[in-house]
Structures are given as structure tokens and as C-alpha cells.
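> If you want the building blocks of each chain, they are given just below.
2 protein chains.
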Amino acid sequence: MNLYDANHCPVNQFADSECISLEHGDGAGLTRQLIHQQIRSKFANPILDRLGDAASLPTVTGPLAMTTDSFVVSPLFFPGGDIGSLAITGTLNDLAVAGAQPLWVSLALIIEEGLPLREFERVMESIRQVTQQAGIMIVAGDTKVVPRGVTDKLFITTTALGTPLAGLGSDPRSIQPGDRILVTGSIAQHGMAIMAARDSLGIQADIRSDCGLLLPAVQALHAAQIPIRAMRDATRGGVAAVLHEWAAQAGVTLTIDHGQVPLNDATRGMCELLGLDPLMVANEGTMVVVVPDGWEAAALAALRDVPISRKATVIGQAHPRDIAPVTVIRSLGRDIPLDEPAGAGLPRIC
Amino acid sequence: MNLYDANHCPVNQFADSECISLEHGDGAGLTRQLIHQQIRSKFANPILDRLGDAASLPTVTGPLAMTTDSFVVSPLFFPGGDIGSLAITGTLNDLAVAGAQPLWVSLALIIEEGLPLREFERVMESIRQVTQQAGIMIVAGDTKVVPRGVTDKLFITTTALGTPLAGLGSDPRSIQPGDRILVTGSIAQHGMAIMAARDSLGIQADIRSDCGLLLPAVQALHAAQIPIRAMRDATRGGVAAVLHEWAAQAGVTLTIDHGQVPLNDATRGMCELLGLDPLMVANEGTMVVVVPDGWEAAALAALRDVPISRKATVIGQAHPRDIAPVTVIRSLGRDIPLDEPAGAGLPRIC
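Protein chains in written order, with the working numbering: chain A, 1 to 350; chain B, 1001 to 1350.
Derived from the structure by calculation, the hints contain no laboratory data.
Careful: at least some of the hints might be erroneous.
Partial pick of chain A residues on the chain B-facing surface, computed with a CB cut under 8 Å [claimed, not checked]:
(1) 58
(2) 64
(3) 68
(4) 69
(5) 241
(6) 319
(7) 320
(8) 336
(9) 348
Each residue gets a CB set at the ideal place from its N, CA and C atoms; glycine is no exception.
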């Protein structure tokens, strides 16, 4: 049995009273009990505690940034994280790479009848830890329970609000030939950790998801006053998807040196085993950054001061548009076009 | 065959190209095509059009209200609405009864592989119509496609931001003996419309959901400067759930006159058939309002000027706490305690 697979509630393992039931979602007594014991007690704050139909947020002077994401990852638990930590970090990372400091998050849960309460608690606890680490408040929520078989265990939708950090607006269209491309850590770990955690593959690999908050890395770049052309967490489609999107927007060719891309041995091995290009595999705490030529050393120094981006590396450069939008210098020293990721390689990785 | 049941994609009815596939959710070409053709084109606005990692919202002076809801209704289409109109109205109604004018909404979609594109389009079009009617913008979104069987067709999570209307703060704890209880329309229609639309019941009933925007009714009360003790849309658990929550918060007994509660004949008939108390059945465009004694005529006049609340009626009054928190005057003229709704009567009604 795989340790990271969250099982349904077999009769012999959990009593009904130890599982989420439809009554937990009907708005009456058990719903209030679940919300009070598992959610309000963990996420208590002055805004959530009012428990009205809508959260009353304090006045913010200046513009706001808003982002939303649904998480349907399977299995719920994997080395390096779970659907809870992923739902918060994923959404906060979208704000971070947009140059915004997160303030508030809403949390909407769709739970399958029969989910063991112990697993639900574990997910809520991991959400609590990440929100505490990020210094943000959960201010609104919703809980729906659907009958067995209507959904798979637990889906989480998070929506975050934040305030833009002054001077951190980036625009991929501003990327120019000569600009340097950086990546903040070892790639492909999230996607491969999820694959390894799936029972059906029977793979034993020591790979942890990179699931983590990118805000400290963004703040470090901000504090060092690094001009940023483009910044993006390399989630679905990996580093390749980010580079393709930027190359199309800026009308340049982005060339990376395969040998410079940080990659753990275990991750490389598993990618080879499955015939996957690590450049196309999802990350959840690793971003790609483009800075003007000459700024790469300062950017690296700033990033390497922060745990989440300690392995930051320069991996390439922008050039005038050549035959292909994205190319990779592989072992023979020649530029090879890098395909755009296509097809449903790995469903339910986030 | 029930007209309102959204079918999966049987091989003979829709070609694969006419259905949502996993590739529509993998972040690459087909995802961009789906988002462009079905979402961006329908909801185009200056904020959404920027398509960054996070939406940049203009500066708002003053506090904000925020609310989130997941919608898992089955079937997707029912008389009077569909999951799309429901997801927008439900979330905006939460803002409205909190006394807030909606500004922006985010839209997160979890789609089952195989959902006919035609049905997806129909839901998006109905979202477009409601957002237009409400005068709000969709500013952020997310699209996930999960393999067949992992979810049931389509779940939608909406998160809304709005600004409080000055002077419209209500607090159920302020309810006092003598206060009047109003309802804004015929009750129990949403729950019964969903039940009738479920194939398995084989019921033919001419019942339409009351699914509709309550903001105009709230604005009418605001314009008429009606002091409001409490205001709530009577969703899960119906009018009974709202009254029970308020009675507990205010420490009073809320008594309603059964004969005064607006109820359509078809809805009454179906509730009798199923042995359900219409006071416990969900609504999606009907709210309960408590005003101080003496203000009920002005409140009714304001509400009846607006289509959504044209059938507004005084249904009861607050009293000092008696034996039961909520009582109903039934046909014999005596107060009978009204139970708090409990148990999963109707899963997946919203």
C-alpha cells in the first residue's frame, strides 16, 4: 500500500462516524459542527469570526490583485505536500509572480461523502500551517458534500486578494534580445512526486514536490530593486510552457542551456523512465524570471539568500527571433527547438 | 427523457470533437482555444483581457465585502435556470443580503471529460446574461478538466467582491420583540424545481426555480431608508433555517403565520406529495427580512416596486423567547414549534 494514497472509507477501517457524511453539508447541525471544529477553530481571525453572508474586509488604499484556482490533485497526499498546502501555495504563488503581496484568501471545499475525517483534518491542518507561514487570513469559505461517486474525495477552490508591490510590474512583451533567463530551483519535482505517489504506477522514488511559497523570492528581488521583465511559476506544462508563452508574446527566441537547468538525480531518473522531458513537467514552488542583461548576478544573489530559491541559476538568454520560439542547447552544443507542451500528459497534478 | 437532464456524451450522440476532452484542461493549445472562444469572448472586459496571473483591480475607496460558493447542482439545467445562472446569482445574493453592491466575480470551473461543448456553451451564455444583468465583471478564472467519472459533469466556484451600501449593515442580534418578519416571494420553488427535474423521480410538475438577483430588492429597501434588523436569502434549509439561526442569535421567538407565507399551488402540491415542509425547502431568489414594528408597510411598498420581490408579504413577528425558538401558526390558530431542518434532505440542490 502506498503511504500517500488517501483511501476511501472501507467499512472495516473507519466507522461511519469517522467519515464525512452528507449531513456534514446540509447546512444544519453537523455542518455547523464541522465548520466550527475543523475550520473556524483552525483559521480564527477577526474577519472570519464574524461569520456573515460575506466577509467585511478592511479598507485598502490602492489597487488590488485577485486570482482564483481549483485544485483536483490526486492523490490528496504526496511527498512534500497535500491538496491543502498546494491550494494555498498555488494561489498565493499566482499573486506573487504578479508582483502582489497576499492579504486574504477564500476557501471553497467540495467533499465526497465517505472521506475519512482524519484526512480532512490533516488537509485543514496543512492549510493552517501554510496560511500562518504566509501571514494571510482565510476570510470566507463554503463547504459542499456530494454523494459518494459524484466527485473524487476532495476538491478545493481558493481565491486570493493582494496588494501590488510598488515597482514590481513585469510584462513579458518587454523581453528583449540579450535578457537573461533564470530558474529559482530544481525543476519537475512536483509532477514527478505526484506520479510516484500514484499507486497504479508502482514506482518507488525519493522525490518530494517543490510545493512552496514563492513570495519570499519575489520580495527578495523587490528589495534588491532588480528590474524584472517577466516572472512566472512554472506549473502546468512546466518551464517549456512558460518560455513558449513569453516567446510568443515578445516575438523573440528564448534559448536555454540544458546542462544549466537544476534537476535532481531521482527526478531525472524518473523522467527518463517515463520518457518525459523534465522541462515539460509541472512545478509548484519554482519560477522562471527574465532580467535585463547585466542584472543576472544581482538577481541570483538576491534569490539565493532565500530558502525557496537557494538553487537559483541562470539557464539561458533571449535572442532575436530565430526559426523556433524556444530552443535548447543539448549535449552536442547545438540549439534544438523545444516543442510546446501539448496533450494531457498528466491530468490532476494540481 | 427529461429535457432538463444534461447527458454525458454517448458515442452515438456527440462526436469526441463536440465534447470537452482532457486536452481542454492541460494548459496548452486546446485550453487556450476553449478559454478564448467560450470564456474570454463572452466576458470580455478591460480587467479580464489582460490575462495575467492575477487580475489587477482598480482602487476602491472604503471597505470591501467578499464571499465564495461552490455549486454542484444536479441536473445542470432545470426550469428557471442552470448551474451557471445559479453560481452567479447565488454568490451575488450573498453579497446583496450582506448589504453590498457587487463589483467583480471570479469563476473557477471543474469540468468532467466528455461534457458536451454545447452544454458548456449554454452554461457560459447563461453566466454572461446574469453578469450583464447584474452589471458586474468576471475578472479572474480557472479551468480544470478531470477524467470521466472523477466528477459529475461540471462544478463551478464563484467568488465575489463588492462594496457595502452605506447604512445597510444589519445584525440579527438586534432583532427585538415586536419586529416584523417579511418574505420577498413564493417559497420552496428552487428545491422543488430541482427535484422535479431529476429524471429518477418521474414527476411532471410545472415549477420554476426562483433563481434570481436579490440586489434590486436590497437597493429598494436602501433607497426607501428602511432600517433592517436582519436580511438573508433562504437557501439550504429554507426559511426555517434562517429563522432558527436568527432566533438563536437574538434570543427571541420568531412566529410566522403559515397562511401568510406565499406558496404556489404546484409547489405546495409537490411538497405534499414528497412529504416535505415548504418552509424547509431551498430558495435561490427569495429572502427573509426583519424590520422594526411600524416599518413593515414602507418595506413592503419598496419591495413590491421591484420584480424580484413583487410578492413580498409580512409573514410573522418576533416575540420574547417562549418555549420554542421558532413557531408557526397553522390552520387551527395555535402556535406549533417549527423544527430546525436536519438531515440531508436534498443533496446537490445548489
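> Please go over all the hints and tell whether each is borne out by the structure.
Here's how the hints hold up against the structure:
1. Interface hint status for residue 58 of chain A: upheld, as the beta-carbon distance to the closest one in chain B is roughly 6 Å, under 8 Å.
2. For residue 64 of chain A, the interface hint holds, the least distance from its beta-carbon to any beta-carbon of chain B being 4 Å, beneath 8 Å.
3. At its closest, the beta carbon of residue 68 of chain A sits 4 Å from a beta carbon of chain B; the interface hint therefore holds under the 8 Å criterion.
4. The interface hint given for residue 69 of chain A is met, as the beta carbon of that residue sits about 5 Å from the closest beta carbon of chain B, less than 8 Å.
5. Proximity of residue 241 of chain A to chain B holds as hinted, the smallest CB-CB distance being about 6 Å (cut-off 8 Å).
6. At its closest, the beta carbon of residue 319 of chain A sits 24 Å from a beta carbon of chain B; the interface hint therefore is violated under the 8 Å criterion.
7. A least Cβ separation of about 25 Å between residue 320 of chain A and chain B goes past the 8 Å threshold, and the interface hint is therefore violated.
8. Interface hint status for residue 336 of chain A: violated, as the beta-carbon distance to the closest one in chain B is roughly 20 Å, over 8 Å.
9. At a threshold of 8 Å, the smallest CB-CB gap from residue 348 of chain A to chain B is about 6 Å, leaving the interface hint in force.
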